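Peer 1: Top line first, the protein sequences correspond to chains C and F.
Using my numbering, the first residue of the first sequence is number 10, and each one after it goes up by one.
Using my numbering, the first residue of the second sequence is number 11, and each one after it goes up by one.
Bear in mind the hints are in silico, worked out from the structure with no lab data behind them.
Watch out, some of these pointers could steer you wrong.
As the list claims (entries may be wrong) - Footprint (simulated), chain C over chain F, 3 or more residues, beta carbon under 8 Å:
1. 41–52
2. 62–75
3. 105–111
4. 469–477
5. 510–516
What the hints assert, rightly or not - Some chain F residues near chain C, calculated using beta-carbon distances under 7 Å:
6. D122
7. L256
8. N257
As the list claims (entries may be wrong) - To list a few chain F residues with every Cβ distance to chain C over 12 Å, as calculated:
9. T120
10. F232
11. K359
12. E378
Every value quoted in this text rests on a predicted model; they were computed, and no experiment measured them.
Beta carbons: idealized from backbone N, C-alpha and C, even for Gly.
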Amino acid sequence: MKLNLTQLLTSFMMLCFVFSFAQEKTVSGKVTDQNGAPLPGVSVLVVGTTTGTQSDFDGLYSISVAQGATLRFSYIGQKTQDVVVGSSNTIDVQLSEDAQALEEVIVTGFGNVSKTSFAGSAKVVAGENISNKSFTNVSQALAGEAAGVAVFNTSGQPGSTSTVRIRGFGSVNGSQAPLYIVDDAPFGGSLNDINPNDIKSVTVLKDASATSLYGARGANGVIVITTKRGRDAGNSINVSVKTGTNFQGVGRYETIKSPEEYIGINWQATRQRGLIENDGDNAAAIAYANANLFEGAGNADVSDISPVYNMWNVSGSGAQGVSELIDPATGTVRPGVTRRYNPELWEDFAFQNSNRTEANLTISNFSDNSSLYTSVGFIDDIGYASNTDYKRLNARVAATNSFGDFVSMNTSLNYTQSETNNNGTGSSSSSQFWWIDNLPTIYPLFTRDAAGQKIEDPIYGGFLFDYGLEDGRGFGFATNGVADSQINISNSKANSVNFNNDTKITLADGLTFENNFAYQYFMNDFTSLNEPFYSPAKGDGGRINRSRGETKNYSIRTGLRYNKSFNDMNLSAFLSHVASAYEYNYLEAERSKLVTPFGTDIANGVINNPSDGYTDNERTESYIANVTTDFKNKYFLNATFNRDASSRFKNNKWGDFYSVGAAWVLTQEDFMSGVDFVDFLKVKASYGVLGNSGGVGFYPGYNLYSVNNLNDNISLAFATKGNPDLTWESSNQFNVGVEFELGGFLEGSIEAYSKSTTDMFFDRRVGPSVGYALIKVNDGELLNAGLEFDLDFSVVKNEKFTFNIAVNGESFRNELLAMPIDPATGEQQKLDQDGSFARTVGRSLYDWYMPVYAGVNAATGAAQWERNFDDKNSNGVFDDGDATITSLTSYLNDNPSANVAQELTEVYAEATDKFIDKTAIPDLRGAIRLNAQFGDFSLSTLLNYQLGGWAYDSAYANLMDNDYNGTNNFHVDIRDRWKAPGDVTNIPRQDARYQIQQNATSTRFLTKADYLALNNIRIGYSVPKSFASKIGLKKADVFVTGDNLWLMSERQGFNPSTSITGGTSIYTYNPLSTIVLGVNLNL
Amino acid sequence: MIMKTFKKIALAGVFVSLIACEKDFLETFPTNVLSQEQVNEAAQVNPDVSKATLLGIYENLYRRGSGGTSSQEDFGITTQYIQLDMLSADMAHLGKSYNRQTAISELTATQDPDNDYNYRPWRFLYRIINLSNLVIDGAGGNDAVPDTQSARHTLGQAKALRGYAYFFLAHVFVNDITDMGKAVLPIYKSAEDLDQPKSSLQEVFDLVISDLTDAETLLEGFVRTDKIELNQDVVRGLLAKTYGALNNWPKTEEYAAKVVNSGNYSIMTADEVALLPGEDGTVGGFNDINSIPGVMWGIDITPAGQGLASLFSWWGFMDYYSYSYAAVGNRKGMDSGLYANFRDDDIRKNQFNSILMPTGKFYYKGAEANGFRPFSGPQSNIDSDSHYMRVAEMYLLHAEAAAENGNDAAARTSLKALLDLRIDDSSYVDALSGKALAEEAALQARLELFAEGQSYFIMKRRRETRTRGANWLDNAGESFSHTDERLTYEIPQEEILFNPNVSDQN
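Please build the complete structure, drawing on both the sequences and the hints.
Peer 2: Written out as structure tokens, the structure reads:
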């Protein structure tokens, strides 16, 4: 294949030489727009011939032409201009704007095209929309910017990156993540390495004809990031400083804050249990509650509140003391009972209002043959949770340079240094957030002595934190997440260098040789220190763990590009070869028994623990061939062929893919010239098949063995079953769309797509009795079909005041069209379960499958669930001979003639899992942007919304548990629980865990995931130019921005925008809210 | 001319770039795990590697995650031992902090097929079977008798492991182990087999016996280097237990006697099994199998093992002194009804604290140095060992079987061999005979082997009904038959869904 391609290339080049010999005289020059900015891609045609060329990235062109001939310069969005060739060999042209057309430029496939001529689906996000938000990287800032692009800001940890999904969910087990392209090269570094301030624009490519230009891995969409060059800002120096505050602005769950109320609820729960255990005898129940509110010998099955946590001044924690504490008539703490001490509100210690500071300095300038852009930036972003922060320093040099009119280079070098502290943010008992939301408020942060006094800490100063160790705290026994976050260290230091060089050599008129080399180096140095005196590692004398991960990623693209213009037609084509290599090396060392709690080097410990180290490698190779033509600026056609290879596949590395696209600008047709209302109208369509290789690990083709030490012998344990025949997943994408500009006030686009994934990566489960759990196959079929709209209304537009409303949205359907074939039967598998989701043909990836909550038994207060059974004797009740159904669809698959009946049960284990016809996928989601400009003042807001979809609120479920006294705090909704026979409520009784599994997974906690969020608001003031120039400035802006300030959802604290399925977790670091004041000075 | 030259250079550049990718550019290989090919290659130069895959099977007996989940309760045999001791009512759940294993003591998991508590033992044991089958296939199949001794020893261990796994499955997934005709478990005799239907319990037990019998022959002359390896004695012990489960008492007695009479192991002394008054605790604790002659089979955990010793082990769940759930309120202790059976002079009473936690029986090495304070051990690098069989069990099983066979004298001898190390006066045994003597031997086995994972097998072997004592948090006072559905795991939902030949529960 390689040989053939080489031959093809050679003949292709020979053809070009033939053209170049017909030379008369070489005219060169530069094409600029009305503002003097260079225009790439301008068609330069010798009128009356088929000779033509296009201007390059810097607007430069050169063409062979006879003196006296006419050159025609045409470009979408600009007025066509003719120039007669005189004696001069240089002709510079400045085109003027054609108001009729859109001028937006889309960066795509290693070149720029005007939006008008683009047949694919793309959304350009201006750099300022990204840098206006107070985020450290582009992923978080993309939220709401484009229809069909869903951004999940999963964590408030400063410096975290978001999960991005474009157009639904493309695969069951393959990667659903988009491909990032930075300055024309696939990007394998950390998104945090790119300072949003250095970003010129971000283009989101969504359909096959657009993404296929980047070869392999574009099936889930492509995010193209273009960084600034010297020409973008002109000759200028820019200083911007932002400073502000981070805080917990979106509310947390409303929990019981008063220790008295908490203990009252516990007493009432214990009394409730007493009623059950004593056949409804109230006096006995009260006695039972008094005896069992606090933990004593023999009541571990009722209470977990050790008497040391009885914080009230009563005579004890036995029946007598409790009777002094609680009024049995009301079940609440008696008025006048005083406290021995006031337990701290832990969030006062864990959370802080903190600062965010960002400063950027940029200098840019350009001359005829070169341009230079240099910038340095600094961010110090401190989280609202204690000991969480992110600092970054980055410097960037970007230059364009050309030699003569045939070699140009575009080079950038970026260095980034960053440091992250994220102590107490993991998913374990050391999570600060688990403590803040779930800790019963009777427990103090600091240990109290018998007199209720805090005790001084002899080691670190301050007071001794309460680890709940002495007498067994009912919540988080032996841990203290807030203390751990203060005294331990979890720190990452990263250094990265990103280099990108793009060389273009003009070989002949219209023929360019291109080479791009991009290299990303990323080294992360992680330190985890558990201090020796209080932390979980105190038994080890403290523990220090150091690990280093080194990522090296490069890609080399080499190719030829050919542009040719004829009278009414432009032709451009390119052929590229891309090779990329990714290498990740990991090395870890650990020691325990530390000399000091502060030394973070391995030498600080004396006992060696097991070390580890390994390397992961991935290689890819692609050939990309593309032809694009347009005719009379009305009809546009493109076709792309890709041949891609990935090292992930063992036997079948190569895959062939293609795409075609077409667009038609109707407003260029004569028959539309009379329709004044329509300023612009384009219809477009594309179809393509793209490949995906992500999400299957690096070595899915092999049977893999883990390497371990068994008594100092080598032990190789079989770990994973490989599939050597695994190959590319195919995404078959069809897109149609219309772009329009109407009546001078509405601009927009509407697109519809259908993506079906075939040869899909599917972890096909097997009966585990065969000895392994699953095998990765290419099987099954998944459909995503959707509609997207992007509408921008100019409501008011005059000299003084402009007001725009832009709305975007997406709605899509996700459906499994086929399940994988079970080789044992030759038929498709019928049902697959993934947690509380189940998969079957005709349903989405995210259809809920769980027991149905049937509310509260009004007589007893018990929770009830639906229980299905096979009523074999048809008597309507579950009795002898009837079969229990634990999984309804599964049972019906095996027993199609079952006589399914239903009853209610108070035993959760008997409840039936089933489809409930609810999905996590929303009906509609998107964003609304309001922009207003009044004189020198501007206001913009971005609101994100979602309608429809159901999410499981597990964090809320955890706050509604029915457990022993003192084990978990409650949501305030617990006040509305069932308390006495006849109460009609959806919240069951509290009975100190008499009814077990009361809050187990069921529809009870499935929550409507509608939300409306204020993502960003910005108020700006531009100092009038007349005044600015007096103080020596070209431009001066002052602004205030607020991010993530407000969220409306089904309940406070429930934030469905933080995960793909909308679900919540007890460990979630809610996204930061930030208010920033900024100054931007342009000298 | 310059242009022309340049073009040529550029053209050359194109060629270079196109051939720049070496032929093997797209070949990459793992390093933190190894492919089958890499293992084979290494085996050619390093003789230690050929044994490594057999050791890899053993590793699954205690490795975290061998049950196919990332759960903290997924650490092989001893996870099951804890859970089976609870299901059989001998080990009471005394505290539920962090909700560990509450679905077992509350008996909810065993009614709910998609609860992972069912998945783990199924996945774990069938994984052992699959890996053993790979070795058996490689050695020439089920009927092969390799020429070399080392190959016979390898095959013998693989068959023994397979037999053990089926023995385990036949107990924990089958409600009534006397219902021999009932189709209960899929049988795989080769790694090539896929999606087998259920075979009858009779067929399962037949396979267990043929595997273990073959192994007994194949392991002739095998001298092991580590106690994790299955030797002839352990295989005979497993055969004795299997025949016991079938109530084939003559065979049980025969095989138990072989182990007892081998002379290779001695019953643990009083000093070793309990922290006696006045002892400093340097002896005992069940934490070092190599220093306990009574341990026949077990794993010597070393700190060098990667991630094998930690909270996610039997000790991390059970040992009051370790960094463990037991120390932070998820406590387990002896059922108070069972405890009442200790005679007053039984030194094993010293194994228990006031709430019957076995704090005087199990303690990590070094607990005494920290004054036996709760939660005083290290968090990582816990090198406390686990054992799966000790010779005391064989003495008691021999006594039980001999009594069932009417061989009271031999039964008394074996029973007393143990009791004389536990109580001052074992003469009461002389008054017992026949059934009563067998019952006493079985009871002593429950007392002796408490928290060692054997009670469940005894319950099923004796066809007992057990009653939860007063110290249980759940279902105290309630009785459970050995056939009770709630005491047996469900076949996991994955098997029902994805094995087209298995569609119902046992």
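Peer 1: Each hint: holds or not?
Peer 2: We went through each hint and held it up to the structure:
1. 41–52: This one holds; 8 residues, not fewer than the three required, reach chain C with a Cβ under 8 Å.
2. 62–75: holds (count 9)
3. 105–111: As far as the stretch 105–111 of chain F goes, the hint holds, because 4 residues have Cβ atoms under 8 Å from chain C.
4. 469–477: violated (count 0)
5. 510–516: holds (count 5)
6. D122: holds, 5 Å
7. L256: violated, 23 Å
8. N257: Result: violated, 27 Å to nearest chain C Cβ.
9. T120: Label violated. Min Cβ-Cβ 9 Å, cutoff 12 Å.
10. F232: holds, 16 Å
11. K359: holds, 19 Å
12. E378: holds, 15 Å
Checked against the numbered hints above, the structure breaks hints 4, 7, 8 and 9 and satisfies the rest.
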